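Q: Chains A and B are the protein sequences, given in the same order.
Start counting at 1 in the first sequence, then tack on 1251, and there's your number in the working numbering.
Start counting at 1 in the second sequence, then tack on 14, and there's your number in the working numbering.
Since the hints were made in silico from the structure, they are not lab data.
Model, not experiment: these values are computed from the prediction.
Positions of the beta carbon are idealized from the N, C-alpha and C atoms, including for glycine.
One should not assume that every hint holds.
The calculated lysine-lysine pairs, modelled on DSSO-like cross-linking and capped at a C-alpha distance of 27 Å, are [what the hints assert, rightly or not]:
(1) 1319/A / 1305/A
(2) 1355/A / 25/B
(3) 1355/A / 1305/A
(4) 1304/A / 1352/A
(5) 1352/A / 25/B
(6) 1352/A / 1305/A
(7) 1304/A / 1355/A
(8) 71/B / 1352/A
(9) 1306/A / 1359/A
Listed next, the stretches of chain B that the computed footprint assigns to chain A, with coverage defined by at least 3 CB atoms under 8 Å from CB atoms of chain A [unchecked claim]:
(10) 56-64
(11) 117-126
Coverage of chain A stretches by chain B, computed from C-beta distances (three or more under 8 Å per stretch; other residues unrestricted) [stated by the list, open to error]:
(12) 1295-1307
(13) 1349-1357
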Amino acid sequence: KNEVEQSPQNLTAQEGEFITINCSYSVGISALHWLQQHPGGGIVSLFMLSSGKKKHGRLIATINIQEKHSSLHITASHPRDSAVYICAVYGGSQGNLIFGKGTKLSVKP
Amino acid sequence: GAGVSQSPSNKVTEKGKDVELRCDPISGHTALYWYRQSLGQGLEFLIYFQGNSAPDKSGLPSDRFSAERTGGSVSTLTIQRTQQEDSAVYLCASSPSGSVGGYTFGSGTRLTVV
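So that you can see chain A by itself, here it is in the shape it has in the complex:
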């Protein structure tokens, strides 16, 4: 079993829809990242969370440490949101991130 599980693996949405991507993890963590990877490979860190909720524009990320679960929400989705979204957890002992396999989002106009 992977230490970080994301769902769904693939998601197709119509422009304007509300989108949720889920991440569950099995290891103890000190923080969690949501990353965005556009075609071509560049990775951008969207959020770093250790508790609660963060909001940036149309993006909202939540984390429940007790349940070992995080969600990334996109409101009023747009075709430019099409990308792979990756959940990554930071255990702290090694310093490296442990990644989920990503969710490929495609938003149709």
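Based on these hints, arrange chain B on the given structure of chain A.
A: This is chain B only, laid out in the frame that chain A set:
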């Protein structure tokens, strides 16, 4: 620099040749990480440098892979006797003092072994 810089952005090499990939982290970031993303796969940890400490090499897939970090700044990932399964995007990231905040990725080097 303003971001994590990797070079080259693309590299095509013949099977059996050695390659060197370079990462220039954000100035002042003491932690540097190498990751690999193979086609259709998730990101895989390779190696982690933190300051002057011995690097964590636990993710290196074979002894053909090695990395060094000179002067606590620039890092070079070397793959000897490349194989086709080494084809992947190699990503470098850096962060201040090994903390998760400020984690910044480079744009990667796409390696193709033919």
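Q: Would you mind marking each hint as holding or not holding in the structure?
A: Going through the hints against the structure:
1. 1319/A / 1305/A: 17 Å, holds
2. 1355/A / 25/B: The hint holds at about 26 Å.
3. 1355/A / 1305/A: 22 Å, holds
4. 1304/A / 1352/A: Roughly 23 Å between the alpha carbons, so the hint for residue 1304/A and residue 1352/A holds.
5. 1352/A / 25/B: Satisfied, since the Cα-Cα distance of roughly 25 Å is no more than 27 Å.
6. 1352/A / 1305/A: It holds: about 22 Å lies between the C-alpha atoms, which stays within 27 Å.
7. 1304/A / 1355/A: 23 Å, holds
8. 71/B / 1352/A: It holds: about 22 Å lies between the C-alpha atoms, which stays within 27 Å.
9. 1306/A / 1359/A: Distance ~24 Å between residue 1306/A and residue 1359/A Cα, so the pair holds.
10. 56-64: Since 6 is at least three, the answer is holds.
11. 117-126: With 6 residues in contact (Cβ-Cβ under 8 Å with chain A), the coverage given for the region 117-126 of chain B holds.
12. 1295-1307: holds (count 3)
13. 1349-1357: holds (count 5)
In this structure, none of the earlier numbered hints is contradicted; all agree with it.
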